[in-house]
Amino acid sequence: MCKECGCEGGGEPRIDNTPAWDIKSPLSNLFNTSELHHHEDEEHGHLHNHDHHDGHNHDSHHHEHDTEHSHDHEADEHVHEHKTVELNKPILEYNDRIAERNRGFFIAKGIFVINMLSSPGSGKTTLVYETAKRLSGKLRIGVIVGDLATQNDADVLRKASIPVVQINTGTACHLDADMVARALVKLPCDNLDLLIIENVGNLVCPALFDLGENQRVVLLSTTEGEDKPLKYPPLFHTTNVAIITKTDLATAAGFKREKALENLKKISHHAVIFELSAKTGEGMDKWCQYLEKERAKVKSGGY
Amino acid sequence: MTNILRTAEETTRRNNGSKILKLKLRVGAMSGVVTEALQFAFEALKNGTMAENAELDIEVVPAVCFCLDCGSKYTPDEIDFLCPNCGSANIKLKNGRELDLISIDFL
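Here the protein sequences line up with chains U and G, keeping their order. Count along the first sequence from 1, then add 41; that gives the number in the working numbering. Count along the second sequence from 1, then add 883; that gives the number in the working numbering.
Some clues are possibly wrong.
[As the list claims (entries may be wrong)] Okay, derived cross-link-like pairs now, DSSO-like style, lysine-lysine, Cα gap no bigger than 30 Å in a straight line: (1) U:272 - G:956; (2) G:975 - U:297; (3) U:124 - G:929; (4) G:977 - G:905; (5) G:956 - U:306; (6) U:327 - U:297; (7) U:130 - G:956; (8) U:327 - U:174; (9) U:130 - G:902; (10) U:320 - U:334; (11) U:340 - U:174.
Everything labelled a hint here was simulated from the structure, so no lab data went into it.
Hey, can you work out the whole structure from these sequences and the hints?
Next up, the structure:
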């Protein structure tokens with residue numbers, strides 16, 4: 042639960058145990074538009090004029106100042122009136138801007154980037170690990186992994202001999218574009234073909250945050266039930282790839298494959314679907330070939 | 884919500900206001916935001932801010948899909964996005980992903 046997406050909470054994200062950089066509040070830039078300044082000037086004049094209905098006249102009011110002080114309104118600031126400022130701004134505009142910056146960076150570096158999302162325990166880390174092992178020598182992979190706390194996932198993934206940056210989000214239930222931008226500094230981006238961003242295990246809030254990725258990949262494990270896409274439409278609707286994981290456990294879990302595919306088609310109709318087991322290797326070749334193919338597209342300017 | 888409050892306070896301060904009366908938000912049905920959670924967070928966080936006594940006004944925008952095959956415009960069933968007219972999956976979500984701060988009323 043976190044403070045950004047409606048839930049209470051807080052805490053600064055930490056990247057690899059290093060305190061996050063002390064950056065300026067995003068909000069100080071966000072609505073600092075010239076229109077607002079313009080508004081402010083108008084309002085000054087307005088307030089000033091209104092302040093004289095109580096019988097004061099301009100000269101007597103300002104008698105203690107120099108006469109040329111016709112523009113000094115500070116004494117009038119206690120007079121307030123109902124005012125409305127129209128903003129009509131996306132609340133996540135700041136994140137979207139940073140995400141676009143990330144995206145430009147990725148394109149320039151020729152890196153194919155996926156944002157991997159699922160509930161906790163759907164097998165993201167195992168899939169990333171096995172993917173990295175299989176693609177070793179074919180694609181140079183880097184990983185950014187987000188969790189509320191611990192370095193556990195990073196420790197596991199480093200065993201696949203790939204660079205990994207762990208982001209500890211504190212209490213935030215998702216990664217945002219700025220956290221990714223800060224983590225990128227720690228990765229050898231000149232020597233990467235594929236960047237896998239393993240998001241915090243959560244099917245709700247991460248759906249809101251563009252990280253600058255080329256594709257979203259959502260995992261649905263056979264042990265979770267086939268109705269997950271119906272329960273979390275915002276995330277499943279925005280995904281480019283849906284992967285049914287832990288196919289080796291499908292029978293034991295009573296997983297209804299046809300139903301799952303039907304549900305995915307209803308919500309994630311445009312998504313490419315894979316079925317695999319990172320543990321047994323079933324379906325892994327197809328998935329890895331897909332990643333190679335998509336990475337080639339980035340290299341040839343296809344994104 | 885912290886973001887929204889901070890923005891509202893900064894905007895109010897910049898316009899020489901000191902007391903926020905109302906915040907208007909626009910939230911799409913497919914934005915992933917639960918309005919009740921937003922309301923809850925607002926109540927929890929507003930104390931001690933300029934919006935202490937403010938009201939949160941949330942305008943919910945229903946999802947609207949557009950079918951690229953037959954041109955139908957429709958509000959999708961919560962769990963089925965396919966075109967009700969032709970059954971196509973070749974659709975675009977036109978509205979429903981909004982998450983905007985519309986306006987701030989203050990004194």
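For each hint, the structure was consulted:
{"no.": "1", "hint": "U:272 - G:956", "verdict": "holds, 23 Å"}
{"no.": "2", "hint": "G:975 - U:297", "verdict": "holds, 28 Å"}
{"no.": "3", "hint": "U:124 - G:929", "verdict": "holds, 20 Å"}
{"no.": "4", "hint": "G:977 - G:905", "verdict": "holds, 28 Å"}
{"no.": "5", "hint": "G:956 - U:306", "verdict": "holds, 19 Å"}
{"no.": "6", "hint": "U:327 - U:297", "verdict": "holds, 22 Å"}
{"no.": "7", "hint": "U:130 - G:956", "verdict": "holds, 26 Å"}
{"no.": "8", "hint": "U:327 - U:174", "verdict": "holds, 15 Å"}
{"no.": "9", "hint": "U:130 - G:902", "verdict": "holds, 21 Å"}
{"no.": "10", "hint": "U:320 - U:334", "verdict": "holds, 23 Å"}
{"no.": "11", "hint": "U:340 - U:174", "verdict": "holds, 22 Å"}
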